[in-house]
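Q: Generate coordinates for the entire structure from the input sequences, incorporating the hints supplied.
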Amino acid sequence: MSGHSKWATTKHKKAVIDAKRGKLFAKLIKNIEVAARVGGGDPGGNPTLYDAIQKAKKNSVPNDNIDRAVKRGSGVGADAVNYDTIMYEAYGPAGVAILIECLTDNRNRAVSDVRVAVTRNGGTIADGGSVQRLFERKGLVTVAKSQEVPGEGRKTETREVTEDELLEATLEADVEDVADNGDEFELTCDPNDLVEVRKAVQAAGIDYNAADVAFVATFDQDIDTVEAAQKLERLIDALEESDDVQNVYTNANLTDEVRTQLESE
Numbered sequence: 034m035s036g037h038s039k040w041a042t043t044k045h046k047k048a049v050i051d052a053k054r055g056k057l058f059a060k061l062i063k064n065i066e067v068a069a070r071v072g073g074g075d076p077g078g079n080p081t082l083y084d085a086i087q088k089a090k091k092n093s094v095p096n097d098n099i100d101r102a103v104k105r106g107s108g109v110g111a112d113a114v115n116y117d118t119i120m121y122e123a124y125g126p127a128g129v130a131i132l133i134e135c136l137t138d139n140r141n142r143a144v145s146d147v148r149v150a151v152t153r154n155g156g157t158i159a160d161g162g163s164v165q166r167l168f169e170r171k172g173l174v175t176v177a178k179s180q181e182v183p184g185e186g187r188k189t190e191t192r193e194v195t196e197d198e199l200l201e202a203t204l205e206a207d208v209e210d211v212a213d214n215g216d217e218f219e220l221t222c223d224p225n226d227l228v229e230v231r232k233a234v235q236a237a238g239i240d241y242n243a244a245d246v247a248f249v250a251t252f253d254q255d256i257d258t259v260e261a262a263q264k265l266e267r268l269i270d271a272l273e274e275s276d277d278v279q280n281v282y283t284n285a286n287l288t289d290e291v292r293t294q295l296e297s298e
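Okay, so the sequence shown: first residue is 34 according to my numbering, each after it adds one.
Certain hints may be false.
Within a straight-line C-alpha distance of at most 27 Å, the following computed BS3-like cross-link-like pairs (lysine-lysine) qualify [to be verified]:
#: 1; residue 1: Lys178; residue 2: Lys188
#: 2; residue 1: Lys91; residue 2: Lys264
#: 3; residue 1: Lys232; residue 2: Lys60
#: 4; residue 1: Lys56; residue 2: Lys104
#: 5; residue 1: Lys56; residue 2: Lys188
#: 6; residue 1: Lys53; residue 2: Lys104
#: 7; residue 1: Lys91; residue 2: Lys188
#: 8; residue 1: Lys178; residue 2: Lys232
#: 9; residue 1: Lys178; residue 2: Lys88
#: 10; residue 1: Lys60; residue 2: Lys188
#: 11; residue 1: Lys104; residue 2: Lys264
#: 12; residue 1: Lys53; residue 2: Lys91
#: 13; residue 1: Lys60; residue 2: Lys264
#: 14; residue 1: Lys232; residue 2: Lys90
#: 15; residue 1: Lys90; residue 2: Lys53
#: 16; residue 1: Lys90; residue 2: Lys56
#: 17; residue 1: Lys88; residue 2: Lys232
#: 18; residue 1: Lys91; residue 2: Lys178
#: 19; residue 1: Lys104; residue 2: Lys60
#: 20; residue 1: Lys91; residue 2: Lys104
#: 21; residue 1: Lys178; residue 2: Lys53
#: 22; residue 1: Lys104; residue 2: Lys88
#: 23; residue 1: Lys90; residue 2: Lys104
#: 24; residue 1: Lys88; residue 2: Lys56
#: 25; residue 1: Lys178; residue 2: Lys90
#: 26; residue 1: Lys188; residue 2: Lys90
#: 27; residue 1: Lys264; residue 2: Lys53
#: 28; residue 1: Lys53; residue 2: Lys188
#: 29; residue 1: Lys88; residue 2: Lys60
#: 30; residue 1: Lys60; residue 2: Lys90
#: 31; residue 1: Lys60; residue 2: Lys91
#: 32; residue 1: Lys264; residue 2: Lys232
#: 33; residue 1: Lys91; residue 2: Lys56
No lab work stands behind these hints, which were simulated from the structure alone.
A: Have a look at this one:
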């Protein structure tokens with residue numbers, strides 16, 4: 034889990050937000066469409082859709098875009114969509130295990146994009162099941178440590194959320210772990226308990242950034258050189274350039290020294 038989290042944190046800090054905003058919006062919209070297709074277009078009765086919409090709003094996706102995505106996913110109108118979920122597996126620099134989750138309406142395009150991105154950036158496509166067995170599906174709820182809350186009048190105040198506060202809030206919610214990831218906490222649980230954990234956080238008056246079911250590595254592969262970290266970063270960037278690639282999971286764990294060097298560049 035630490036490898037997933039530390040890599041994600043470093044990538045977030047290094048990302049050029051404006052350049053990636055369009056890609057991020059497209060992925061968030063696709064999440065909404067799929068959630069609406071599977072569970073219906075009412076977020077009140079579809080927790081997965083509710084969380085997909087909240088995540089999109091947190092990332093400033095316009096409400097009109099969200100509403101249209103719900104309608105498309107629900108099969109309303111001529112623009113109704115249907116995606117297939119496909120998992121690809123690969124190994125990257127330093128033997129890092131990589132899971133590539135695609136949501137696509139064109140399987141041939143998806144597999145071509147993934148193969149090109151992996152092989153051109155020093156990775157190798159793995160046999161089916163050889164990488165996925167190194168990961169577990171987990172529910173992840175992320176909570177920002179610093180949160181804006183209403184103050185007097187129209188002013189807002191900053192509230193600091195503590196680990197003890199989160200532990201107390203989720204005492205009855207089967208949380209497996211609470212990890213400190215710098216500027217946010219990450220709560221891990223069984224995927225079936227995700228909604229329960231998210232609701233417990235909300236009931237305590239704490240806002241959350243995202244509630245997702247993700248693949249979390251069962252062990253970490255240390256990255257102890259800047260060169261290997263940069264190669265892996267290029268590979269992941271190439272994968273994320275594909276419109277069909279929805280999520281990339283790795284078991285990479287950047288050592289403190291390498292992470293410090295990358296963040297200083």
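Q: All hints are to be evaluated individually against the structure, with a verdict given for each.
A: The hints, checked one at a time:
1. Proposed proximity of Lys178 and Lys188 is supported: the alpha carbons are some 19 Å apart, at most 27 Å.
2. Proximity of Lys91 to Lys264 is assessed by CA-CA distance (about 30 Å); at most 27 Å being required, the pair is judged violated.
3. Pair hint Lys232 plus Lys60 holds up; C-alpha atoms about 24 Å apart against a cutoff of 27 Å.
4. Straight-line distance between C-alpha atoms of Lys56 and Lys104 comes to about 21 Å, which keeps the hinted pair within the 27 Å bound.
5. For a cut-off of 27 Å, the pair hint linking Lys56 to Lys188 is broken: about 33 Å separates their Cα positions.
6. Between Lys53 and Lys104 the alpha-carbon distance is near 25 Å, which keeps this suggested pair within the 27 Å criterion.
7. With a C-alpha separation of about 20 Å, the suggested pairing of Lys91 with Lys188 holds against the 27 Å cut-off.
8. As the CA atoms of Lys178 and Lys232 are separated by approximately 18 Å, the hinted pair is consistent with the 27 Å bound.
9. Of the pairs offered as hints, the one joining Lys178 and Lys88 holds, with about 17 Å between alpha carbons and a cut-off of 27 Å not exceeded.
10. Restraint check: the Cα-Cα separation between Lys60 and Lys188 comes to about 33 Å, which exceeds 27 Å; the hinted pair is violated.
11. For the hint pairing Lys104 with Lys264, the CA-to-CA distance comes to about 40 Å; that exceeds 27 Å, so the pair is violated.
12. Among the hinted pairs, Lys53 with Lys91 is consistent with the structure: their alpha-carbon atoms are about 15 Å apart, no more than 27 Å.
13. For a cut-off of 27 Å, the pair hint linking Lys60 to Lys264 stands: about 24 Å separates their Cα positions.
14. Between the alpha carbons of Lys232 and Lys90 the distance comes to roughly 18 Å, so the proposed pair stays at or under 27 Å and holds.
15. Between Lys90 and Lys53 the alpha-carbon distance is near 16 Å, which keeps this suggested pair within the 27 Å criterion.
16. Distance restraint check for Lys90 and Lys56: the Cα-Cα separation of roughly 15 Å lies within the 27 Å cut-off, and the hinted pair is therefore satisfied.
17. Between Lys88 and Lys232, the direct Cα distance comes to roughly 15 Å. Compliance with the 27 Å bound is thereby established for this hinted pair.
18. Between Lys91 and Lys178 the alpha-carbon distance is near 15 Å, which keeps this suggested pair within the 27 Å criterion.
19. Using a Cα cut-off of 27 Å, the hinted pair Lys104 and Lys60 holds, with the two alpha carbons roughly 16 Å apart.
20. With a C-alpha separation of about 20 Å, the suggested pair Lys91 and Lys104 falls inside the 27 Å cut-off, and the hint holds.
21. A threshold of 27 Å between alpha carbons decides the hint, and for Lys178 with Lys53 the separation of about 24 Å falls inside it, so the pair holds.
22. Our distance criterion of 27 Å between C-alpha atoms is met by Lys104 and Lys88, whose separation comes to about 18 Å.
23. Between the alpha carbons of Lys90 and Lys104 the distance comes to roughly 17 Å, so the proposed pair stays at or under 27 Å and holds.
24. Note on Lys88 and Lys56: the hinted pairing holds, with a Cα-Cα distance of about 15 Å set against a maximum of 27 Å.
25. Between Lys178 and Lys90 the CA atoms are separated by roughly 19 Å; this keeps the pair inside 27 Å, and the hint holds.
26. As the CA atoms of Lys188 and Lys90 are separated by approximately 21 Å, the hinted pair is consistent with the 27 Å bound.
27. This hinted pair checks out: Lys264 and Lys53 have alpha carbons roughly 19 Å apart, not beyond 27 Å.
28. Note on Lys53 and Lys188: the hinted pairing is violated, with a Cα-Cα distance of about 31 Å set against a maximum of 27 Å.
29. Between the alpha carbons of Lys88 and Lys60 the distance comes to roughly 11 Å, so the proposed pair stays at or under 27 Å and holds.
30. This hinted pair checks out: Lys60 and Lys90 have alpha carbons roughly 13 Å apart, not beyond 27 Å.
31. Pair hint Lys60 plus Lys91 holds up; C-alpha atoms about 14 Å apart against a cutoff of 27 Å.
32. Of the pairs offered as hints, the one joining Lys264 and Lys232 is violated, with about 39 Å between alpha carbons and a cut-off of 27 Å exceeded.
33. In summary, the hint linking Lys91 to Lys56 is supported, as the alpha carbons are separated by about 15 Å, within the 27 Å threshold.
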